[in-house]
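Engineer: The lines below spell out each chain.
4 protein chains.
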Amino acid sequence: MPVPKDLPRMQYRFLGRSGLQVSAISLGGWLTYGGHVENENTFSCMKAAYDVGINFFDCAESYSNGESERVMGQAIKKFGWKRNDIVVSTKIYWGEAFGENPVNNRGLSRKHVVEGLNGSLERLGLEYVDIVFAHRPDRDTPIEETVRAFNHVINTGKAFYWGTSEWDADEIATAWRYADKLGLIGPVAEQPQYNMFSRNKVEKDFAHLYEEVGLGLTIWSPLKVGILTGKYNNGIPENSRLANSTDPSVERMRARIGGKEWDTFISVVAKLKPIADRLEVSQPNLAMAWVLANKNVSSAITGASRPDQIYESVKSLVVIEKLTPEILAEIDGILGNKPPVVKRRSPMS
Amino acid sequence: MPVPKDLPRMQYRFLGRSGLQVSAISLGGWLTYGGHVENENTFSCMKAAYDVGINFFDCAESYSNGESERVMGQAIKKFGWKRNDIVVSTKIYWGEAFGENPVNNRGLSRKHVVEGLNGSLERLGLEYVDIVFAHRPDRDTPIEETVRAFNHVINTGKAFYWGTSEWDADEIATAWRYADKLGLIGPVAEQPQYNMFSRNKVEKDFAHLYEEVGLGLTIWSPLKVGILTGKYNNGIPENSRLANSTDPSVERMRARIGGKEWDTFISVVAKLKPIADRLEVSQPNLAMAWVLANKNVSSAITGASRPDQIYESVKSLVVIEKLTPEILAEIDGILGNKPPVVKRRSPMS
Amino acid sequence: MPVPKDLPRMQYRFLGRSGLQVSAISLGGWLTYGGHVENENTFSCMKAAYDVGINFFDCAESYSNGESERVMGQAIKKFGWKRNDIVVSTKIYWGEAFGENPVNNRGLSRKHVVEGLNGSLERLGLEYVDIVFAHRPDRDTPIEETVRAFNHVINTGKAFYWGTSEWDADEIATAWRYADKLGLIGPVAEQPQYNMFSRNKVEKDFAHLYEEVGLGLTIWSPLKVGILTGKYNNGIPENSRLANSTDPSVERMRARIGGKEWDTFISVVAKLKPIADRLEVSQPNLAMAWVLANKNVSSAITGASRPDQIYESVKSLVVIEKLTPEILAEIDGILGNKPPVVKRRSPMS
Amino acid sequence: MPVPKDLPRMQYRFLGRSGLQVSAISLGGWLTYGGHVENENTFSCMKAAYDVGINFFDCAESYSNGESERVMGQAIKKFGWKRNDIVVSTKIYWGEAFGENPVNNRGLSRKHVVEGLNGSLERLGLEYVDIVFAHRPDRDTPIEETVRAFNHVINTGKAFYWGTSEWDADEIATAWRYADKLGLIGPVAEQPQYNMFSRNKVEKDFAHLYEEVGLGLTIWSPLKVGILTGKYNNGIPENSRLANSTDPSVERMRARIGGKEWDTFISVVAKLKPIADRLEVSQPNLAMAWVLANKNVSSAITGASRPDQIYESVKSLVVIEKLTPEILAEIDGILGNKPPVVKRRSPMS
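Protein chains in written order, with the UniProt record's numbering: chain A, 1 to 349; chain B, 1 to 349; chain C, 1 to 349; chain D, 1 to 349.
Same shape as in the complex, but just chain A:
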């Protein structure tokens, strides 16, 4: 399937204060790669992504028990992409052997950070990843140990940058405290959930870190498991992921179908439709563009099981400029969840 001719050009953004550029839209192997999407299909998606200018591919040691990394690595090799043309990240927390033996095969100890990343690189068939994320905070391991461990893998050439995922703001600040104290490299980016329904972390909790430590964001779930596309407004289609996936996070959402929160979601999505219609854009594009209109977002990670889903996503790039302050205020009114941000004089001022 050839790339449609009228797609907008990809945007590239710096990952926080770093010198690394990632495509505003990126491809993640969360629900799909190595999982229920067949490999040939994965290859098609990755090729489509690359062809539309996506340069950032995100996976994790835990995705499909390591299979996501294997398939991504095969695709990179199959298409002969130059290593310097792509940005590959993985995330360390639940190791490949986690299910069999959780002891030391999880978390952010020096042992697991090093052994976990070694396993990821072997599965990816790469010498290094560009970014290695701590997939979750590990409240049992001292942050200093984790900061040192990620610097160790950077110093030994196995990664260029490190980041966090789903960490609390003060945990990120503490990681920087140890990095500064020891002259080491701090986490360059955080990978949180961010979408119209999940705003607190990105807009309130991290509000001061963008300036303080130059935090970048590679956000996941920009469409809230598809809810923001509007496709569940008239019920759950039989062949949809929400109906069928055995992924724990999808199962958690499925359990909420029909509850009070779910009804709010559906009603809000319905109220957003007139805005999408007025702007002459699709609802998925509106939701994606809304995420990218936040200048602190470096990249929105999307999943895809078919190339046309990627082409569709890319169209949201031209929607960003349509989101004027007035439109954004109107959306905020509908969402009703804009978090208050306390102004602080920067501690550096």
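The hints are simulated quantities; they were obtained by calculation from the structure and are not laboratory data. This structure is a prediction, so every number in the text was calculated from the model and none was measured. No false leads were mixed into what you were given.
Looking from chain B toward chain D, a few residues come up when the C-beta cut is under 7 Å (computed):
#1 A97
#2 N101
#3 V103
#4 N104
#5 N105
#6 G107
#7 S109
#8 R110
#9 K111
#10 E115
#11 T141
#12 P142
#13 E145
#14 L182
Now the in silico label distances, taken between C-beta atoms and shown as ranges:
#15 A243/A <-> G183/C: 54 to 62 Å
#16 D168/C <-> D6/A: 40 to 48 Å
#17 S240/B <-> R83/D: 38 to 46 Å
#18 P340/D <-> G183/C: 34 to 42 Å
#19 D180/D <-> D180/A: 17 to 25 Å
#20 R83/C <-> A255/D: 34 to 42 Å
#21 R83/C <-> K78/A: 34 to 42 Å
Glycine is no exception: its CB is placed at the ideal position from the N, C-alpha and C atoms.
Please arrange chains B, C and D on chain A, whose structure you already have, making use of the hints.
Structural biologist: Same frame as chain A, now just chains B, C and D:
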């Protein structure tokens, strides 16, 4: 010999403040492996240990002149254990060539730390150990040189953590002083003797280090060369280790048989029997559980020459919770050696 | 073509405050190597350079899209030069794949510094360069990231020193600020344009850095694209580089032919001729010697498409001492562009 | 030639404050190995040295243009000595290619320290030396660059310790200043000339460094090119080294024969003979023991062209204890050159 069905589940504890988890009971190659226990028997013991959930295997370059490491390495390879599922430690001080030429083949100089560990890794057939211990303090080498040397082997990927064994409390504090000053990694654990008859170091001398530097403990001789099992209360059996072993530490103990201290040991062990009986546990299990009831103990290292000894040890895990404050006080009364601990405000408070 | 017998001996100068010595005249692959000069010719030029004592060979990942490095590497191998007898530098900024995909294939991010230098070393067929330069400032990447990245390649043995090219004075000072703060190595040299018509950076902007940070200079364009040779004073010869080269920098100069600035150049060069005649030296030698009379210049990089151009350059070495304070003042009078230098007490005094 | 039965046991001393132990008497390849002593003879000397307990073998990249290192390396391999049983040092300053091309093949720049040591290790056939010395101070290279370069080779596993040779006291103090400032490793030892006729550096200039930085000494020329043996008291034997060697340092001494200083030497040596006779020791043994009686001397480096010279040297070990304070005072009276030492309160007190 299959693992008995009714054994309790293994406990895992963090090694001090680090993110590494070790089994509460671990297997050491001190008196046995590479020594008078045949290799096949060693393999059976290691397999039994692994099967009951022991993940921590401790050896030393000096044990049986390096043979202990060789046999442990062969077992790891033979059983195809995943490297990330096990925690392997060795200890550096008396090098393999120590007996032939003590000059520079002992101690904690940069030369011997590096050369010693290189030798250990070759014998183990491993790329790295999880923990490398300084087997004794070296009062002739500046602690700064030793701290730098252990950080060098960590930085070059030959170990994840380093610790000490039989160091004085102020030596450990001094190692941390240099580590902090230089931004290096301090010793994460100490490996002292600890049992009902040897309490001062663990309970008094190190009392403040658990909070101050997050010290973990991997203790040895939880049963005091078997005395605490009660098996020597009616004399020394002919086929016992105490009767036959040529190991220097056993020989030292043998020389004390019949002396005043020995008689105290025997009499105390006899007085502990009624408590064991009341709790419906064996005396070895009581002594082992008593050690593990100390929350600062990360792991108790046991030797074993037969798999059933390991199965027996594991039973002590369920005894820990039977050791109520009242029982512990009763035991303290019998032992009569509870060291006083001076309360200090933490220097960090 | 054998080396002429009467050539002066090469001078060697320390590269700023470092212990590295570079020949006062060096050979660069800017316009020529890998470009319009045939390889055999390049080999002849490099051999001629080596034979007259030039030890410093400068190239860049961007020169002729990497071809300059390949040809230089082939020459080094072909002639069997000892690695320790030569000083090889390259410059990182616009990567080999820059034209196809500018994202992350340019600039001074950790990713491109490491990937760029890896590519350069592969093309050169060398394990390390002596000096790696940041070919331009990258105003999108934090200077701290760049300082750390160049130290990483030094620590991993891929370069001995690092420097900058066409950076502003305060950017160099800031790089040193981060290097000092982090205990890292600062940039040892800057590679600016310097010649009779471009004096501000070297004589005014950097004036205090020579003492403050020990800055060395490896200057380019000592003859201002040949204008200072006087060869364009009677028009642009048909077979000259200025008439034909498609190099962007030459094209920029060509566009200025006949403009007001161009006319000033021509008129000044004409006024310099009597001085050259009086000193009995050629105009190219006068211009080159004038550059080298500045003691802060460690090396003047020349291009050459024929060995005799190199031999001619070397003759300027004996002209340096003819440039007495009186002659230099006379030249300053003609040039009319001597920048004022503000005296400052050193911050370290 | 078997080792004589009645030789005293070798003494081992710590190298300054480090944990490395070197034999009090060591073997150097200065005048002999790779030079005028045939290889087979060198092998015999090295074997004899090893057999009497000498563990420290010193060479330099410049000795016989690298040949000394090659022969020493061959001997180590030939005799199958364990690497951990010997201490090998080399010294970097004048590189192998120094004679052909002095530019960057000499001195203490990062380039030459790294390239020089790489060359030494290749010639020695070793992965690392125990100690790498800066063979002379390099007044053209910043001491900070040199400190960093030696730490680089230590960090990359090519040496365990570094030292200096013939540096001034304040240069050593400055090296430590940079090491402390940057958290790096300072020079552990100095290799100066030291004997009855050359006392100022060791006894006066360095007097405070032994405590301040824990400086060790590996001294050369304990017998002042043989003068202190008394063998030149009746003229220069035809087959002596002083008569024949083309080594520059010997040639310098030869030029002084018959001068005023030479006459003083001869007259003092004659006056020492009665003391040697009274103690019933040879004059060489007296002179060597006098050097070793200085507790700051870690090792005295001797040359040897025949095994029996080594056996003879070792006899001086039992002479040390005969040098009572009274005898030492008597010798000082004859030498008339005891330098005054100014008492200082340590800057650390």
